[in-house]
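Asks: My request is simple: use the sequences and hints to build the entire structure.
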Amino acid sequence: MEPLIGMGVLALMGAAATVAGASEDLESDVGSQSNPNSQVQLAPQMMYPHRIYNKAISGEPPSNALMCAIGGAVTSVLMTAFSMSILFAISIGALVAAVVHGSYCVTAYMGRTASQKRYKQPIYLDIIRSHVPVMIGYSFITTFCIIAIAYMMTAILDHPFPLTLLAFIWGITIGAIGSSTGDVHYGAEREFQNVEFGSGLNAANSGNIVRRAESGLRNGIDNSWFCAKFGGPVTGIAFGMTVFLSGWVTTVFDASISTAVGWMSVVAGVGIILLLILWNRRIEVSARNAYGPYKEEDDEEVAA
Amino acid sequence: MSAGGSGGSAGEAIPQNKLIVFGVVGGLVAVYLSYFLVSIAGSAFAFIGALGAICAIVWGCSAVRRVASYGLGTGVPSIGMLALGMGVVATMFGLAVGGIAGPVISLITAAIIGLVIGVLANKVLGMGIPIMEKSMTEIASAGSLAILGLSVTMTGTFMFDEVLTYVVATGYIAVIYITAGLAILHPFNANLGSDETQDRTLVTGFEKGAIAMLIAGIVAAVSNGAASTPTILIGLFIWYTAFTKYRELVARDAYDVVGTGLLPTEEELE
Numbered sequence: 001m002e003p004l005i006g007m008g009v010l011a012l013m014g015a016a017a018t019v020a021g022a023s024e025d026l027e028s029d030v031g032s033q034s035n036p037n038s039q040v041q042l043a044p045q046m047m048y049p050h051r052i053y054n055k056a057i058s059g060e061p062p063s064n065a066l067m068c069a070i071g072g073a074v075t076s077v078l079m080t081a082f083s084m085s086i087l088f089a090i091s092i093g094a095l096v097a098a099v100v101h102g103s104y105c106v107t108a109y110m111g112r113t114a115s116q117k118r119y120k121q122p123i124y125l126d127i128i129r130s131h132v133p134v135m136i137g138y139s140f141i142t143t144f145c146i147i148a149i150a151y152m153m154t155a156i157l158d159h160p161f162p163l164t165l166l167a168f169i170w171g172i173t174i175g176a177i178g179s180s181t182g183d184v185h186y187g188a189e190r191e192f193q194n195v196e197f198g199s200g201l202n203a204a205n206s207g208n209i210v211r212r213a214e215s216g217l218r219n220g221i222d223n224s225w226f227c228a229k230f231g232g233p234v235t236g237i238a239f240g241m242t243v244f245l246s247g248w249v250t251t252v253f254d255a256s257i258s259t260a261v262g263w264m265s266v267v268a269g270v271g272i273i274l275l276l277i278l279w280n281r282r283i284e285v286s287a288r289n290a291y292g293p294y295k296e297e298d299d300e301e302v303a304a
Numbered sequence: 001m002s003a004g005g006s007g008g009s010a011g012e013a014i015p016q017n018k019l020i021v022f023g024v025v026g027g028l029v030a031v032y033l034s035y036f037l038v039s040i041a042g043s044a045f046a047f048i049g050a051l052g053a054i055c056a057i058v059w060g061c062s063a064v065r066r067v068a069s070y071g072l073g074t075g076v077p078s079i080g081m082l083a084l085g086m087g088v089v090a091t092m093f094g095l096a097v098g099g100i101a102g103p104v105i106s107l108i109t110a111a112i113i114g115l116v117i118g119v120l121a122n123k124v125l126g127m128g129i130p131i132m133e134k135s136m137t138e139i140a141s142a143g144s145l146a147i148l149g150l151s152v153t154m155t156g157t158f159m160f161d162e163v164l165t166y167v168v169a170t171g172y173i174a175v176i177y178i179t180a181g182l183a184i185l186h187p188f189n190a191n192l193g194s195d196e197t198q199d200r201t202l203v204t205g206f207e208k209g210a211i212a213m214l215i216a217g218i219v220a221a222v223s224n225g226a227a228s229t230p231t232i233l234i235g236l237f238i239w240y241t242a243f244t245k246y247r248e249l250v251a252r253d254a255y256d257v258v259g260t261g262l263l264p265t266e267e268e269l270e
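So the sequence lines, in the order shown, correspond to chains A and B.
Each step along the first sequence adds one to the number in my numbering, with nothing skipped, and position 302 is 302.
Each step along the second sequence adds one to the number in my numbering, with nothing skipped, and position 103 is 103.
Straight-line C-alpha distance at most 16 Å; calculated EDC-like pairs for lysine to aspartate or glutamate: (1) 117/A to 256/B; (2) 117/A to 195/B; (3) 117/A to 270/B; (4) 117/A to 268/B; (5) 120/A to 270/B.
Note that these hints are calculated values from the structure, not bench results.
Replies: Structural data, given as structure tokens:
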């Protein structure tokens, strides 16, 4: 393949991945999925009932793998059995996946809240009506972008794996990256805006999440508004960079030219990782110095 | 901190042994019935395989519920993924060597792998959960039967060559893996909490199993051996029935179901 076409496809995949990463993180913030969910789940038990959407669909990697695999399978069926054009096939595939995801969201919220009877946490139906369409919308965007990436890999880059399997693998990947990158912003910052920045989660504060909003009672959509300013875009950039940089090293240093060039791609990959580690360390240190209390004597008291 | 409630066995109205019989017999009978009816009467009967998968899924989520109530917390998804991983390996092995006896060999292989993993978890990792060995055996077997049932619904047969061509090589095995896997582990995860009840969790299993059936029905459109429409329609019917029932049980179990409202007051909480 022409190197220029390879780079173009890579850039498109990186762009799709950036959008998918952002929408994936915001979807999990609306529903409080993944790591921050443990505090939302714990809050009623600690006498803090709330109006925040509480869902867990087995963690973000499996739930994103579910919607991407379903989307990929439906897309692939529509293209092979009904010879549908790729654009319509991806749209319908992503729609089916998003609706299935919506049903998982509803059972997760209703079930978990019903299981908190003794802590007197009511089920608010308006929360379901307002939040589930938002989550379906975000998961549609995520699934659409992921299937587009998987399709470009099979159709243009001639990847040996079938579309459904690639969508499944990318689903796990985006879930893992969304869970590790964006959740911190929601779980540590948004849920605990009532404590000093960087103070960690003291055991006494467990479950004491912020339940009142800028106006009225806080819900998941307020949280996604906050996270859309930083957590979501950062997740998008993280996932886009993962897709772009991991493809970039093998496109520039193509192993099919010679083995030596193949090894160059490994060296370039290691170089990028080292660079990112050093850069991350610098960001963390400067953030601590600029904002955090991080007093030496408090170190032992900081838990979790 | 485990938000999953106390360590200890979960309360159950339906004894686990009944659910084991329901899963094993229902799963195997449906897989064989589907296979023979498809070869005798036509591809429309492929949907029976998915009914067997639903039986296995309900059994599986009951087993997950029992083992996870020992305070596994976030380990619930891991255990389900592990189960389906064992299930895929066992199913492929069983179908490859077994021919017509393939499903039975798959089930036995899955049970053996599950038992070994359970023994490793307790003896080597030292998890110390009393029912670990039994539960891992059950979850792996249920995973294997669910994969078998959905494969039969997609292709109309469990002969290895067909399954390899239409399910594995096309990548649809990924969608079987994840829809069956989440159907087994999501019900307990979704109903996690101090006031979780067995019937509500199992009804969620039916509902998620019906979604797996629906997706298998869509994929069946690619294959010549299995009809798509009956599976989709019956899947939708089961989903609707189970979801209505689930909605009733939620209304029964919840503290309150309100259209909208403020938070409970301090007095109410005391």
